[in-house]
Amino acid sequence: AQTVTQSQPEMSVQEAETVTLSCTYDTSESDYYLFWYKQPPSRQMILVIRQEAYKQQNATENRFSVNFQKAAKSFSLKISDSQLGDAAMYFCAYERDSNYQLIWGAGTKLIIKP
Amino acid sequence: EPEVTQTPSHQVTQMGQEVILRCVPISNHLYFYWYRQILGQKVEFLVSFYNNEISEKSEIFDDQFSVERPDGSNFTLKIRSTKLEDSAMYFCAISAAKGTGTEAFFGQGTRLTVV
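Order-wise, the sequence lines are chains U and G.
All residue numbers for the first sequence refer to my numbering, where the first residue is 1 and numbers rise by one.
All residue numbers for the second sequence refer to my numbering, where the first residue is 1001 and numbers rise by one.
The set of hints was computed from the structure by calculation and includes no laboratory data.
Watch out, some of these pointers could steer you wrong.
[As the list claims (entries may be wrong)] Going by beta-carbon spacing under 7 Å, a handful of chain U positions derived as facing chain G:
1) Tyr33
2) Arg43
3) Ile49
4) Arg50
5) Ala106
In this text, all values refer to a predicted model and were calculated from it rather than measured experimentally.
The beta-carbon is built from N, C-alpha and C at its ideal position, and this holds for glycine as well.
Model the full assembly from the supplied sequences, consistent with the hints where possible.
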């Protein structure tokens, strides 16, 4: 069975600095998708970034980028120029190709210090 | 504007009672999901729904739970005879396709408290 592990329950960073959130996963599949979702105090899960496992190039979305290491089954999220609005819970999630469900990590609470 | 709205935002119910959680998709996405998050634990998949039938369900989704889309728009999760351990945040999600890395849009959740 697939599992997703986020080993950092909480991280803090100074505003405008860079922070990296870790995620590892376990799967025997070769085709799958990985996601980072953000959950602000409003509670709604918001997609931050996604990565297709068959793509070697790391996904980027403005200040957000990932370091995808398929062999190591690692999928970290880097947030550059951190802003106060980035404060939230961040969840790493896995989706098997042609499968309906997301499998989630436990989440990392990100605190931004002004 | 959110793609999905959920009602109610918070529900308190007595143990043994039935609750219905509602999800209203704003757009015409075809795939529907329910997830739950017990306080301090991981988000867990419950069920997916497509073309008016369940596509996939987890072991959590037993006979106590049911889903339907009675009027073609609202998507509901019914929990019969609630138990204390059903207390959790319940999230509805929708997507345009299954798998393939398609973005799922989530509602803001319903916090269910069973007392």
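Against the structure, the hints come out as follows:
About 4 Å separates the beta-carbon of Tyr33/U from the nearest beta-carbon of chain G, less than 7 Å, and the hint is met. Hint status for Arg43/U: holds, given a least beta-carbon distance of 5 Å to chain G, under 7 Å. The interface hint given for Ile49/U is broken, as the beta carbon of that residue sits about 10 Å from the closest beta carbon of chain G, more than 7 Å. Because the smallest distance between the Cβ of Arg50/U and any Cβ of chain G comes to about 6 Å, under 7 Å, the interface hint for this residue holds.
Because the closest C-beta pair between Ala106/U and chain G is about 5 Å apart, less than 7 Å, the hint holds.
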